[in-house]
Amino acid sequence: DVKVTQSSRYLVKRTGEKVFLECVQDMDHENMFWYRQDPGLGLRLIYFSYDVKMKEKGDIPEGYSVSREKKERFSLILESASTNQTSMYLCASRGGGASYNEQFFGPGTRLTVL
Amino acid sequence: GESVGLHLPTLSVQEGDNSIINCAYSNSASDYFIWYKQESGKGPQFIIDIRSNMDKRQGQRVTVLLNKTVKHLSLQIAATQPGDSAVYFCAEKPHAGNNRKLIWGLGTSLAVNP
Numbered sequence: 045d046v047k048v049t050q051s052s053r054y055l056v057k058r059t060g061e062k063v064f065l066e067c068v069q070d071m072d073h074e075n076m077f078w079y080r081q082d083p084g085l086g087l088r089l090i091y092f093s094y095d096v097k098m099k100e101k102g103d104i105p106e107g108y109s110v111s112r113e114k115k116e117r118f119s120l121i122l123e124s125a126s127t128n129q130t131s132m133y134l135c136a137s138r139g140g141g142a143s144y145n146e147q148f149f150g151p152g153t154r155l156t157v158l
Numbered sequence: 548g549e550s551v552g553l554h555l556p557t558l559s560v561q562e563g564d565n566s567i568i569n570c571a572y573s574n575s576a577s578d579y580f581i582w583y584k585q586e587s588g589k590g591p592q593f594i595i596d597i598r599s600n601m602d603k604r605q606g607q608r609v610t611v612l613l614n615k616t617v618k619h620l621s622l623q624i625a626a627t628q629p630g631d632s633a634v635y636f637c638a639e640k641p642h643a644g645n646n647r648k649l650i651w652g653l654g655t656s657l658a659v660n661p
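Respectively, the protein sequence lines represent chains A and B. Going by my numbering, the first sequence opens with residue 45, and the numbers climb by one from there. Going by my numbering, the second sequence opens with residue 548, and the numbers climb by one from there.
Hints in this document: simulated from the structure, not taken from any laboratory. The structure presented is a predicted model; accordingly, all values stated were derived computationally and were not measured. All residues carry an ideal CB built from backbone N, CA and C; glycine is no exception. One should not assume that every hint holds.
What the hints assert, rightly or not - Simulated crosslink set (DSS-like; lysine-lysine; CA at most 27 Å straight-line):
#, chain 1, residue 1, chain 2, residue 2
1, B, Lys640, A, Lys115
2, B, Lys648, A, Lys115
3, A, Lys101, B, Lys589
4, B, Lys589, A, Lys115
5, A, Lys57, B, Lys589
6, B, Lys640, B, Lys615
7, A, Lys47, B, Lys640
8, B, Lys603, A, Lys101
9, A, Lys114, B, Lys648
10, B, Lys615, A, Lys99
11, B, Lys615, A, Lys47
12, B, Lys648, A, Lys47
13, B, Lys589, A, Lys99
14, B, Lys589, A, Lys62
15, B, Lys648, A, Lys97
16, B, Lys640, A, Lys99
17, A, Lys114, B, Lys615
18, B, Lys648, A, Lys101
Unchecked claim - Covered stretches of chain B (chain A as the covering partner; in silico rule of three or more C-beta atoms under 8 Å from a C-beta of chain A):
#, segment
19, 592 to 602
20, 648 to 654
What the hints assert, rightly or not - Not close to chain A: a few residues of chain B, all C-beta gaps over 12 Å, as computed:
#, residue
21, Pro556
22, Leu558
23, Gly563
24, Asp564
25, Asn565
26, Gln585
27, Lys589
28, Val609
29, His619
30, Ala626
31, Ala638
32, Val659
Here chain A stands alone, though its shape is the one from the complex (with noise of 0.2 Å):
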């Protein structure tokens, strides 16, 4: 079974501090993504990745960036942590060929900035 873990399940941070967050998947996987959650605005795509040391913009970049350095994992960052960047953050990976359309999820980080 394909894992992807997140580095912390939940996260309490100030505003100001710079956070990061990892994700690691097990499965050779290109792709990599980022997502935040928020309730009523479902699933929104902060960054992805389809290869190492390469990163594309989702929809909602402003305020992250991100690294993928090896295959198997890809850092959120953020550099100047804001309240408004209080959600639960989710990691997701994805092959190629047949499974293109399935991406696999880890557990998700609940971050905190007060």
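Once you've looked at the hints, dock chain B against the given chain A.
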């Protein structure tokens, strides 16, 4: 603009009944339409997809119907069980443009009453 929306934000059914979750979309140029299920405390999980040139696809206890004339997608769950209680998201994979990312709906919450 492009959107994938839902007719009903919440749906309550009796255990054993059939459930129908609906989704309306506006982007006609999509290769695939996809359903995901998100249980409480977990990331979304792929259920089933349907190619845009098909009208119906069946899985295990689930059937997806696609009506391109009225741009409507539905997920039917037979003999609904308590374990089906979750939020269900429809999503579409665009054909043109940046088709590496999905367009997500806002989700429908399904509650199964014993």
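Each hint, compared with the structure:
1. B:Lys640 to A:Lys115: holds, 23 Å
2. B:Lys648 to A:Lys115: holds, 18 Å
3. A:Lys101 to B:Lys589: holds, 25 Å
4. B:Lys589 to A:Lys115: holds, 24 Å
5. A:Lys57 to B:Lys589: holds, 22 Å
6. B:Lys640 to B:Lys615: Since the Cα atoms of lysine 640 of chain B and lysine 615 of chain B sit roughly 15 Å apart, the hinted pair holds (cutoff 27 Å).
7. A:Lys47 to B:Lys640: holds, 23 Å
8. B:Lys603 to A:Lys101: violated, 34 Å
9. A:Lys114 to B:Lys648: holds, 21 Å
10. B:Lys615 to A:Lys99: Given that 27 Å is the threshold and the Cα spacing comes to 33 Å, the pair is violated.
11. B:Lys615 to A:Lys47: This hinted pair is violated, its Cα atoms lying about 35 Å apart.
12. B:Lys648 to A:Lys47: Holds, because 20 Å separates the two Cα atoms, which is no more than 27 Å.
13. B:Lys589 to A:Lys99: Holds, at about 25 Å.
14. B:Lys589 to A:Lys62: holds, 26 Å
15. B:Lys648 to A:Lys97: Given that 27 Å is the threshold and the Cα spacing comes to 18 Å, the pair holds.
16. B:Lys640 to A:Lys99: Answer holds: lysine 640 of chain B to lysine 99 of chain A is near 19 Å, not above 27 Å.
17. A:Lys114 to B:Lys615: violated, 41 Å
18. B:Lys648 to A:Lys101: holds, 10 Å
19. 592 to 602: holds (count 3)
20. 648 to 654: holds (count 6)
21. Pro556: Since the minimum Cβ distance to chain A is about 8 Å, proline 556 of chain B lies within 12 Å and the statement is violated.
22. Leu558: holds, 16 Å
23. Gly563: holds, 29 Å
24. Asp564: holds, 26 Å
25. Asn565: holds, 25 Å
26. Gln585: Violated, since 8 Å does not exceed 12 Å.
27. Lys589: Violated, because the least Cβ-Cβ distance between lysine 589 of chain B and chain A comes to about 6 Å, which does not exceed 12 Å.
28. Val609: holds, 15 Å
29. His619: Given a closest Cβ separation of 18 Å, the condition holds.
30. Ala626: With a cut-off of 12 Å, alanine 626 of chain B remains clear of chain A, as the shortest Cβ separation is near 25 Å.
31. Ala638: Label violated. Min Cβ-Cβ 8 Å, cutoff 12 Å.
32. Val659: Holds, since 21 Å exceeds 12 Å.
Checked against the numbered hints given earlier, this structure breaks hints 8, 10, 11, 17, 21, 26, 27, 31; the rest are met.
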